[in-house]
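Keeping their order, the protein sequence lines are chains X and U.
Just so you know, we're using this note's numbering here: the first sequence kicks off at 1 and counts up by one.
Just so you know, we're using this note's numbering here: the second sequence kicks off at 1 and counts up by one.
What the hints contain is simulated information worked out from the structure, not anything from laboratory work.
One or more of the hints may lead you astray.
As the list claims (entries may be wrong) - Rough simulated footprint, nothing fancy, chain X against chain U, three-plus residues with beta-carbon under 8 Å: (1) 44–54; (2) 65–76.
To be verified - If you want the ones that stay clear, here's a sample from chain X, every Cβ over 12 Å from chain U, calculated: (3) Ile-4; (4) Gln-13; (5) Glu-59; (6) Ser-84; (7) Ser-86; (8) Glu-100; (9) Gln-101.
A virtual CB, placed ideally from N, CA and C, is assigned to each residue, including glycine.
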Amino acid sequence: SQTIHQWPATLVQPVGSPLSLECTVEGTSNPNLYWYRQAAGRGLQLLFYSVGIGQISSEVPQNLSASRPQDRQFILSSKKLLLSDSGFYLCAWRPSNAYEQYFGPGTRLTVT
Amino acid sequence: AQKVTQAQTEISVVEKEDVTLDCVYETRDTTYYLFWYKQPPSGELVFLIRRNSFDEQNEISGRYSWNFQKSTSSFNFTITASQVVDSAVYFCALSHTGGFKTIFGAGTRLFVKA
Chain X
1 SQTIHQWPAT LVQPVGSPLS LECTVEGTSN PNLYWYRQAA GRGLQLLFYS
51 VGIGQISSEV PQNLSASRPQ DRQFILSSKK LLLSDSGFYL CAWRPSNAYE
101 QYFGPGTRLT VT
Chain U
1 AQKVTQAQTE ISVVEKEDVT LDCVYETRDT TYYLFWYKQP PSGELVFLIR
51 RNSFDEQNEI SGRYSWNFQK STSSFNFTIT ASQVVDSAVY FCALSHTGGF
101 KTIFGAGTRL FVKA
């Protein structure tokens, strides 16, 4: 069966510090991968998606970036965090032959 | 334009009541998929159901049922005999055949009180 991992679960970082969130999927190959952000009490904002290694589509211009160095690994990064980057970050995967997405447990980021 | 509207921001019910969560969508495509996801307090979104645009048959899974009506562009979700464990935020979503992105509604927060 397929599983998706995200770490860390929680993170408190000062403004201006770098960020690296990692997501890995097990039990499948060539998945579509997604990063979402959810502000407190709000809906989901799609940040990036990837249909293959090295292929990244950005939805929202901001100080975040994403990379997919391996088929089942998706990384969200920032060189300098802003207060507005606080939120709940969710990684998701979708089988290449289906449309439903499966989400990881999320990372709760607080920028202080 | 592609859009998913969940007009109910919050709903509060007492345990054992039935509750319906509304979802209205807009799309110009003729083939698409609709979904419902549940986000419990732990935060992880859980996939509940997928429906394709060619299949208007209602679906029932235990206490959950879904009503898809293309004529009104609606995909409503009913929980029968609600339980405290049903308390969560529920998201309706839309994806186009051949597309990579999913459009999510703003979510409906359901409180089920004992």
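Comparing the hints with the structure gives:
no., hint, result
1, 44–54, "holds (count 5)"
2, 65–76, "violated (count 0)"
3, Ile-4, "violated, 9 Å"
4, Gln-13, "holds, 19 Å"
5, Glu-59, "violated, 8 Å"
6, Ser-84, "holds, 19 Å"
7, Ser-86, "holds, 14 Å"
8, Glu-100, "violated, 5 Å"
9, Gln-101, "violated, 6 Å"
Hint compliance for this structure: hints 2, 3, 5, 8, 9 are broken, all remaining hints hold.
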